[in-house]
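Heads up, the sequence shown is in our numbering, so the first residue is 6 and it goes up one at a time.
Worth flagging that the hints you see were computed from the coordinates, not collected in a lab.
Do not take every clue at face value.
Restraint ranges, calculated between C-beta atoms of paired labels, are given here [stated by the list, open to error]:
no., residue 1, residue 2, range
1, PRO153, GLY25, 16 to 24 Å
2, VAL56, ASP133, 24 to 32 Å
3, PRO153, ILE41, 34 to 42 Å
4, LEU15, ILE116, 33 to 41 Å
5, PRO134, PHE106, 31 to 39 Å
6, PRO85, ASP133, 17 to 25 Å
7, GLY31, GLU118, 45 to 53 Å
8, MET6, GLY31, 43 to 51 Å
9, ALA40, TRP114, 23 to 31 Å
10, TRP114, VAL56, 18 to 26 Å
11, GLY117, ARG38, 42 to 50 Å
12, GLY82, LEU136, 27 to 35 Å
13, MET224, PRO103, 43 to 51 Å
Where a beta carbon is used, it is the ideal one built from N, C-alpha and C, also for glycine.
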Amino acid sequence: MAHILILAALPEEADALFPGTGECVGGLFAERRLAIAGHSLVIATCGLGKVNAALCAGALAGDADMLLMTGTCGSLGAAPGAYWLAEALQHDYGASQPGLFRRYRAGEWPIGEAGPETDGAHFSAMPDPGLGLPHARIASGDSFIACPDAAADLASLGATLVDMEVGAVAQVAARLGRPWAAIKAVTDEANGDSAGDFHANLVRAARVAGQAVERLIAMI
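Sequences and hints are given; from them, build the entire structure.
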């Protein structure tokens, strides 16, 4: 039996995973516990942003064999749907230099030589067990992207999706030596319409991601 910690930033995202099942135990992260496919799951609502995600992952990872994240994201050119997040980076971690913001792998010294931003700054997820989802690199940071210029900058990092949490969960997993995975579904296109699109598509996209995570749990 694997003990799996699953994080979602928002209640709508957590509720979309195995909806109506499990025992709600509350707490700081509104935990819901259940046993599925021979695994012991804790579904936690971490809240928005990298600090909330890292706090939740660190506080609850104790006996977890792996960390997962479900939920929604913005598109940087990716088609609608759910994605296996094979790589994650934190786009707001690095060094401000004259006329340049240089990105480094989160947690490493942001000084001196660094590898190419598209190669050296990311965290790699566990191997895909064969879900059949398209793979993507996600850029995470503590800002909601609703600007085509900002989206183009992030796309230059090789990212096709953007969110506010997965990169932090990946960093925590790497620090703890645990495998991690994340599946997210697109709500918006990181442009001027993103705020409205996000709210309009949140519940639907959360369920799309949740269904893919449910398939993943059955395959592990």
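(message) Tell me if the beta carbons of PRO153 and GLY25 are separated by a distance inside 16 to 24 Å.
(response) The hinted range 16 to 24 Å is violated for PRO153 and GLY25, with Cβ atoms some 39 Å apart.
(message) Quick check: does the Cβ-Cβ distance between PRO153 and ILE41 fall within 34 to 42 Å?
(response) holds, 40 Å
(message) Assuming the hint says 24 to 32 Å, is it satisfied by the Cβ distance from VAL56 to ASP133 or not?
(response) For ASP133 against VAL56, whose Cβ atoms are near 28 Å apart, the range 24 to 32 Å holds.
(request) Mind checking the hinted window 31 to 39 Å against the Cβ distance between PRO134 and PHE106? (result) 36 Å Cβ-Cβ, so the 31 to 39 Å window holds.
(request) Determine whether the Cβ-Cβ distance between PRO85 and ASP133 falls within the hinted range of 17 to 25 Å. (result) Given about 20 Å between the Cβ atoms, the range holds.
(request) Starting from the hint 27 to 35 Å, judge whether the C-beta atoms of GLY82 and LEU136 obey it. (result) About 22 Å separates the Cβ atoms of GLY82 and LEU136, which means 27 to 35 Å is violated.
(request) Could you see if the CB distance from GLY31 to GLU118 stays within 45 to 53 Å? (result) Holds, at about 47 Å.
(request) With respect to the beta-carbon atoms only, verify the hint that TRP114 and VAL56 lie 18 to 26 Å apart. (result) For VAL56 against TRP114, whose Cβ atoms are near 21 Å apart, the range 18 to 26 Å holds.
(request) Please test the hint of 43 to 51 Å on the beta carbon pair from MET6 and GLY31. (result) violated, 24 Å
(request) Mind checking the hinted window 43 to 51 Å against the Cβ distance between MET224 and PRO103? (result) holds, 49 Å
(request) Could you say whether the range 33 to 41 Å given as a hint is met by the Cβ separation of LEU15 and ILE116? (result) At 36 Å between Cβs, range holds.
(request) Go ahead and decide if the range 42 to 50 Å is satisfied by the Cβ distance of GLY117 to ARG38. (result) holds, 45 Å
Hint compliance for this structure: hints 1, 8, 9 and 12 are broken, all remaining hints hold.
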